[in-house]
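The listed protein sequences correspond, in order, to chains A and B.
With the first letter of the first sequence counted as 1, position 242 gets the number 242 in this note's numbering; the numbers rise by one all the way through.
With the first letter of the second sequence counted as 1, position 111 gets the number 111 in this note's numbering; the numbers rise by one all the way through.
Hints are not guaranteed to be accurate.
To be verified - Okay, derived cross-link-like pairs now, DSS-like style, lysine-lysine, Cα gap no bigger than 27 Å in a straight line:
no. : chain 1 : residue 1 : chain 2 : residue 2
1   : A       : K240      : A       : K48
2   : A       : K34       : A       : K246
3   : A       : K198      : A       : K166
4   : A       : K119      : A       : K166
5   : A       : K119      : A       : K139
6   : A       : K166      : A       : K96
7   : A       : K21       : B       : K184
8   : A       : K108      : A       : K119
9   : A       : K166      : A       : K114
10  : A       : K96       : B       : K139
11  : A       : K246      : A       : K119
12  : A       : K166      : A       : K48
13  : B       : K139      : A       : K119
14  : A       : K48       : B       : K56
15  : A       : K198      : A       : K273
16  : A       : K139      : A       : K240
17  : B       : K139      : A       : K198
18  : A       : K240      : A       : K114
19  : A       : K96       : B       : K56
20  : A       : K240      : A       : K34
21  : A       : K166      : A       : K108
22  : B       : K50       : A       : K119
23  : B       : K139      : A       : K166
24  : A       : K48       : A       : K119
25  : A       : K163      : B       : K184
26  : A       : K114      : A       : K96
27  : A       : K163      : A       : K114
28  : A       : K139      : B       : K139
29  : A       : K48       : A       : K96
30  : A       : K108      : A       : K21
31  : B       : K50       : A       : K34
32  : A       : K239      : A       : K34
To be verified - Computed footprint of chain B on chain A; a stretch qualifies when at least three of its residues, placed anywhere within it, have a C-beta under 8 Å from a C-beta of chain B:
no. : stretch
33  : 9 to 18
34  : 146 to 153
35  : 250 to 258
As the list claims (entries may be wrong) - A few chain B residues that don't get close to chain A, going by computed Cβ distances all over 12 Å:
no. : residue
36  : G17
37  : I131
38  : P140
39  : L220
By construction, these hints were calculated from the structure, which means they are not laboratory data.
Glycine is no exception: its CB is placed at the ideal position from the N, C-alpha and C atoms.
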Amino acid sequence: MRQWWIYLIVFAGLAIPIILKLSVPSGRLHSAEKLFEVVESLPAEPGKIAIVAMDFTPNTVAENEAQTRVIVEHLFRRRIPVVLFSLLPLADTFLKGVPEEIIGRLAKESPTEKWEYGKDWVNLGFQYGSTLFLQSLGKTDDLPGLFGRDTFGSEVATMPIFKGIKNLRNVSFAAEFSGSMVIDSYIQFLQRAGYVPKLGFGPTSVITPEAYVYLDSGQLSGLLEGIPGAAWYSQLLQKKYPNRIKEETEITNTALGVAQLLILLLVVIANVKDFISYRRRTA
Amino acid sequence: MSLEIWISLLGGFCTIGIFTFLWRENAFYRMLEHFFIGIAVGYGPVLVTKEFLWPKVLAPLLGLNRVVFPDGSYEEPYNYWYLLFALALLFGSLYYFIFSRRLSWLAKIVIGFSIGATAGLGFRGWFAEMIPQFSSSMKPLVVFEEGKAIDWITSLGNIAFVFTLVSVMTYFFFSFKSESKMVKGLSSSGRWMMMICFGAFFGSTVMGRMALLVERVQFLLGDWWSAVRVVVG
Numbered sequence: 001m002r003q004w005w006i007y008l009i010v011f012a013g014l015a016i017p018i019i020l021k022l023s024v025p026s027g028r029l030h031s032a033e034k035l036f037e038v039v040e041s042l043p044a045e046p047g048k049i050a051i052v053a054m055d056f057t058p059n060t061v062a063e064n065e066a067q068t069r070v071i072v073e074h075l076f077r078r079r080i081p082v083v084l085f086s087l088l089p090l091a092d093t094f095l096k097g098v099p100e101e102i103i104g105r106l107a108k109e110s111p112t113e114k115w116e117y118g119k120d121w122v123n124l125g126f127q128y129g130s131t132l133f134l135q136s137l138g139k140t141d142d143l144p145g146l147f148g149r150d151t152f153g154s155e156v157a158t159m160p161i162f163k164g165i166k167n168l169r170n171v172s173f174a175a176e177f178s179g180s181m182v183i184d185s186y187i188q189f190l191q192r193a194g195y196v197p198k199l200g201f202g203p204t205s206v207i208t209p210e211a212y213v214y215l216d217s218g219q220l221s222g223l224l225e226g227i228p229g230a231a232w233y234s235q236l237l238q239k240k241y242p243n244r245i246k247e248e249t250e251i252t253n254t255a256l257g258v259a260q261l262l263i264l265l266l267v268v269i270a271n272v273k274d275f276i277s278y279r280r281r282t283a
Numbered sequence: 001m002s003l004e005i006w007i008s009l010l011g012g013f014c015t016i017g018i019f020t021f022l023w024r025e026n027a028f029y030r031m032l033e034h035f036f037i038g039i040a041v042g043y044g045p046v047l048v049t050k051e052f053l054w055p056k057v058l059a060p061l062l063g064l065n066r067v068v069f070p071d072g073s074y075e076e077p078y079n080y081w082y083l084l085f086a087l088a089l090l091f092g093s094l095y096y097f098i099f100s101r102r103l104s105w106l107a108k109i110v111i112g113f114s115i116g117a118t119a120g121l122g123f124r125g126w127f128a129e130m131i132p133q134f135s136s137s138m139k140p141l142v143v144f145e146e147g148k149a150i151d152w153i154t155s156l157g158n159i160a161f162v163f164t165l166v167s168v169m170t171y172f173f174f175s176f177k178s179e180s181k182m183v184k185g186l187s188s189s190g191r192w193m194m195m196i197c198f199g200a201f202f203g204s205t206v207m208g209r210m211a212l213l214v215e216r217v218q219f220l221l222g223d224w225w226s227a228v229r230v231v232v233g
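Go ahead and model the full structure; you've got the sequences and the hints to work with.
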């Protein structure tokens, strides 16, 4: 019966901030800030694109989707063409939903501006081959030819986004979002003689400690640590673009913080209670 | 009622059904668990066929990815190099001989090829991944700022890094037995450092699990509850 109280307390801790739409400012995260600065410094010029790999499935959608949203939004705002794909077949829904949701929000914010499919972004869908595909990305001198067709079956070579795009040197930035350490493969193979694009990574909280080594060595240009990383990035966007319509990441982060505090509190209470009963037994 | 409402209702029904496991193991939970596994297993191959096997292998091989004009002629002639795809398909299909006792050696050729290719890629990838890590591990213990003053924060960070690196490596050094107090002390510190690291991992894991729950709670309180209100009126 006691466990039911724990479930209820944790559920309430998560639900109350969501129902009341409570959001407290998130803590400053230097690795997320680094990533923000990298995206800010990217050249918004013809012949340069960014690739965003949404290598996640529904089981890590809470963290990875929030991270992807802030990065893609930032790239859209900076008018850097975005090529979306995934190495996992189950990411199909998110590849379609995320850019549409962001464009809907941006269109509300500034109705005069437009983001066009094929010009500002393209969805390549699921890309088969994992490591082999990434190696081909680094080696090919015909990127549109490698991609072939987008997820809707249209030939990508004729799209304006790929005008002047030949190889990896045209990719100024790559970001990967995942619940596993697939980033290893990107670090290993997403490079060309004398050129490595700036690489950002959005891991789930579980694998964040593993990713720090790559940040320290400079193999990653920035990191979004789970939902807190996305929330801090969202705040940076808010600061840079004051008219920005707020999204839910900061509320989610608040709910998460409340739940974590409750867990800590429950751990302390349980330990104190056990300690007192132990003292009583041994007295 | 729109399709979205039905999808939200079904999603909520399945989520609550899975959560019944918190009460106890039950048949309803088992049924939904099997549904989920079945859907995931079925969805994968269909998508691989739809997104990769057909558009990137079979359609070019059969010449069906070319534009056909109303008079029945093609935009471009058939590229005979695509016939090489058939060789790759046949070679890969040898894997299925694993089910035959007499001809399973044919499958071993494909497996051997896969192992060789993976090992080759791994070998190349290891260097690309690890060499920058080795070089970044060589950190100066005392860092000076531009004005020649010591940058204490970076220096202390580097000292902590190098100490952790050396102590953990000492812990995993089993080649020689050492009775030296210094080596034993370092090894013991290495174990403590790893314990702290595992604690950080565990903390992150709890946060990750909470993040999974928060997404479901958001769904139940948002989409699902709105759908229920539409149904109830």
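- Task: Find the hints from earlier in the document that the structure breaks and name them by number, from lowest to highest.
- Result: 7, 10, 13, 15, 16, 21, 23, 25, 28, 31, 37, 39
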